[in-house]
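Undergrad: Single-letter residue listing:
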Amino acid sequence: EPEVTQTPSHQVTQMGQEVILRCVPISNHLYFYWYRQILGQKVEFLVSFYNNEISEKSEIFDDQFSVERPDGSNFTLKIRSTKLEDSAMYFCASSDPWAGRETQYFGPGTRLLVL
Amino acid sequence: QKEVEQDPGPLSVPEGAIVSLNCTYSNSAFQYFMWYRQYSRKGPELLMYTYSSGNKEDGRFTAQVDKSSKYISLFIRDSQPSDSATYLCAMSEEGGADGLTFGKGTHLIIQP
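Residue numbers (the numbering used here), protein chains in the order written: chain A, 1 to 115; chain B, 1001 to 1112.
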């Protein structure tokens, strides 16, 4: 069964450093998303991406964040200068517009720890 | 004002019991309602997807939406220890925001 994959599974970084989180969405999906989940908190929407541009972003997705689809399979989230409060689980998701963009399939996540 | 409320639990029931999980919401524009299952330190797994009001059944799982009360439920019949997980409800508006709005999740424990 096709699935969303994410790398790395864990990332430890120093405050102020840049990190890039990588995702391979399900191959025939056209909508891509990033969410985050701070420990013990709700899953929160960050950004959606369609047709090579940001479709929507939340208040959390400020200038420190950027997304890119560098090739036909990868989807990345970059955090330019990490803060302690960026420590969270980051989930990538994708959806098939024919099935409905609401039916989003999530990857296993990248656990980011900022020290 | 919190948009989606969900009792965090834990909810502990014996194996074989019928489980009822619930969410309430405040945004009347929500039209799509999803249930996700999340095992510890894993990604949410889509279980059920319902549009507007009504019931939907898939095996041992039944999703129910009551838009007049802004209340959704997930029922699990013949619960198994492998059903032990956190169950997240999620919602979105029709033609609205791309991002899903999640509840905090209910931690369910099925005792063998």
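Quick caveat, the hints were computed from the structure, so don't treat them as lab data. The reader is advised that the hints may include incorrect statements.
[To be verified] Here are the simulated EDC-like pairs of lysine to aspartate or glutamate, each with C-alpha atoms no more than 16 Å apart in a straight line: (1) B:Lys1067 <-> B:Glu1094; (2) B:Lys1070 <-> B:Glu1093; (3) A:Lys78 <-> A:Glu3; (4) B:Lys1104 <-> A:Glu44; (5) A:Lys42 <-> B:Glu1003; (6) A:Lys57 <-> A:Asp71; (7) B:Lys1070 <-> B:Glu1003; (8) A:Lys83 <-> A:Glu68; (9) B:Lys1104 <-> B:Asp1007; (10) A:Lys42 <-> B:Asp1007; (11) A:Lys42 <-> A:Asp86; (12) A:Lys42 <-> B:Glu1005; (13) B:Lys1042 <-> A:Glu3; (14) A:Lys42 <-> B:Glu1045; (15) A:Lys83 <-> A:Glu18; (16) B:Lys1067 <-> B:Glu1093; (17) B:Lys1042 <-> B:Glu1003.
Undergrad: Each hint should be assessed against the structure and marked as holding or not.
TA: Quick rundown of the hints versus the structure:
The straight-line distance between the Cα atoms of Lys1067 of chain B and Glu1094 of chain B is roughly 14 Å, inside the 16 Å bound, and the hint therefore holds. The hinted pair formed by Lys1070 of chain B and Glu1093 of chain B meets the criterion: a straight-line CA distance of about 13 Å does not exceed 16 Å. Between Lys78 of chain A and Glu3 of chain A, the direct Cα distance comes to roughly 22 Å. Violation of the 16 Å bound is thereby established for this hinted pair. Proposed proximity of Lys1104 of chain B and Glu44 of chain A is supported: the alpha carbons are some 10 Å apart, at most 16 Å.
Straight-line distance between C-alpha atoms of Lys42 of chain A and Glu1003 of chain B comes to about 11 Å, which keeps the hinted pair within the 16 Å bound. A C-alpha spacing of about 21 Å is found between Lys57 of chain A and Asp71 of chain A, which places the hinted pair above 16 Å, so the restraint is violated. For the hint linking Lys1070 of chain B to Glu1003 of chain B, the alpha-carbon distance of about 11 Å falls within 16 Å, and the restraint holds. This hinted pair does not check out: Lys83 of chain A and Glu68 of chain A have alpha carbons roughly 21 Å apart, beyond 16 Å.
About 8 Å separates the Cα atoms of Lys1104 of chain B and Asp1007 of chain B, which keeps this hinted pair within 16 Å; it holds. With a C-alpha separation of about 12 Å, the suggested pairing of Lys42 of chain A with Asp1007 of chain B holds against the 16 Å cut-off. Of the pairs offered as hints, the one joining Lys42 of chain A and Asp86 of chain A holds, with about 14 Å between alpha carbons and a cut-off of 16 Å not exceeded. Our distance criterion of 16 Å between C-alpha atoms is met by Lys42 of chain A and Glu1005 of chain B, whose separation comes to about 10 Å.
Distance check on the hinted pair: Lys1042 of chain B and Glu3 of chain A sit about 13 Å apart at the alpha-carbon level, within 16 Å; holds. Using a Cα cut-off of 16 Å, the hinted pair Lys42 of chain A and Glu1045 of chain B holds, with the two alpha carbons roughly 15 Å apart. A hinted pair counts as satisfied when its Cα atoms are at most 16 Å apart, and Lys83 of chain A with Glu18 of chain A qualifies at roughly 10 Å. Proximity of Lys1067 of chain B to Glu1093 of chain B is assessed by CA-CA distance (about 13 Å); at most 16 Å being required, the pair is judged to hold.
For the proposed pair Lys1042 of chain B and Glu1003 of chain B, the alpha carbon gap of about 24 Å is over 16 Å, so the pair is violated.
Checked against the numbered hints above, the structure breaks hints 3, 6, 8, 17 and satisfies the rest.
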